[in-house]
Amino acid sequence: GDSVTQMEGPVTLSEEAFLTINCTYTATGYPSLFWYVQYPGEGLQLLLKATKADDKGSNKGFEATYRKETTSFHLEKGSVQVSDSAVYFCALMTGGFKTIFGAGTRLFVKA
Amino acid sequence: SAVISQKPSRDICQRGTSLTIQCQVDSQVTMMFWYRQQPGQSLTLIATANQGSEATYESGFVIDKFPISRPNLTFSTLTVSNMSPEDSSIYLCSVGLAGGRGEQFFGPGTRLTVL
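These protein sequence lines are chains U and B, in that order. Using my numbering, you'd call the opening residue of the first sequence number 479 and step up by one each time. Using my numbering, you'd call the opening residue of the second sequence number 986 and step up by one each time.
Mixed in with the good hints, there may be bad ones.
[Claimed, not checked] Below, computed lysine-lysine pairings styled on DSS-like, alpha-carbon distance capped at 27 Å:
id	chain 1	residue 1	chain 2	residue 2
1	U	Lys546	U	Lys588
2	U	Lys576	B	Lys992
3	U	Lys534	U	Lys546
4	U	Lys538	U	Lys576
5	U	Lys576	U	Lys530
6	U	Lys576	B	Lys1050
Hints in this document: simulated from the structure, not taken from any laboratory. Since the model is a prediction, treat every value here as computed from it, not as a measurement.
With the sequences and hints as input, model every part of the structure.
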């Protein structure tokens, strides 16, 4: 079945460090891919998305490129801030709005 | 986008009792979803609740345990019945918008603790 695998956390970085959170997927067909973020005490919110191969989603300095050949959608940010501390979920949707989420990666950013 | 509110935001309940969680959306939506997020875990879809049809439950979840109502396009409830400590979790509702590109909008969640 369809699945999403993302790197285990927690990830601890200093402010202004480069961030990569790896995400790979298994899916039949051509899924849409998403990164959601969950700040402490809040619900999930969409961070960025890509709906077809080679699309790049971007938002708030975060980027991810839909790589069909490697079935990957890695999240990157060039310079993280303390306010980026949160849990990040990679997700895919193949149809009917049914979305499969990865396990989540907790990010801690130290000042 | 859509703004979603949930009530209650948290509750502590005794085993064997039931709790009904409400989800209110600020616009009319067809597709609504209920998820469970156990501590430190990812989201697990409980059921899809589309207005005008019976809720569709995922494997491992049954209507007797998690009855859902969807009386109109802006509101839904999820009941957690005959609770046990294993039901302690965060329950989230979300919606998908027609014409959107598959993204979902989530409520803030209901944190349930069962003693």
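Structure-based check of all given hints:
Our distance criterion of 27 Å between C-alpha atoms is broken by U:Lys546 and U:Lys588, whose separation comes to about 34 Å. Distance hint between U:Lys576 and B:Lys992 is fulfilled; the C-alpha atoms sit about 24 Å from each other, no more than 27 Å. At roughly 12 Å between alpha-carbon atoms, U:Lys534 and U:Lys546 fall within 27 Å of each other, so this suggested pair holds. Annotation: proposed proximity of U:Lys538 to U:Lys576 holds, straight-line Cα distance about 26 Å (limit 27 Å).
This hinted pair checks out: U:Lys576 and U:Lys530 have alpha carbons roughly 17 Å apart, not beyond 27 Å. For the suggested pair U:Lys576 and B:Lys1050, the alpha carbons sit about 21 Å apart, so the restraint of at most 27 Å is met.
Of the numbered hints stated above, the single one contradicted by the structure is hint 1.
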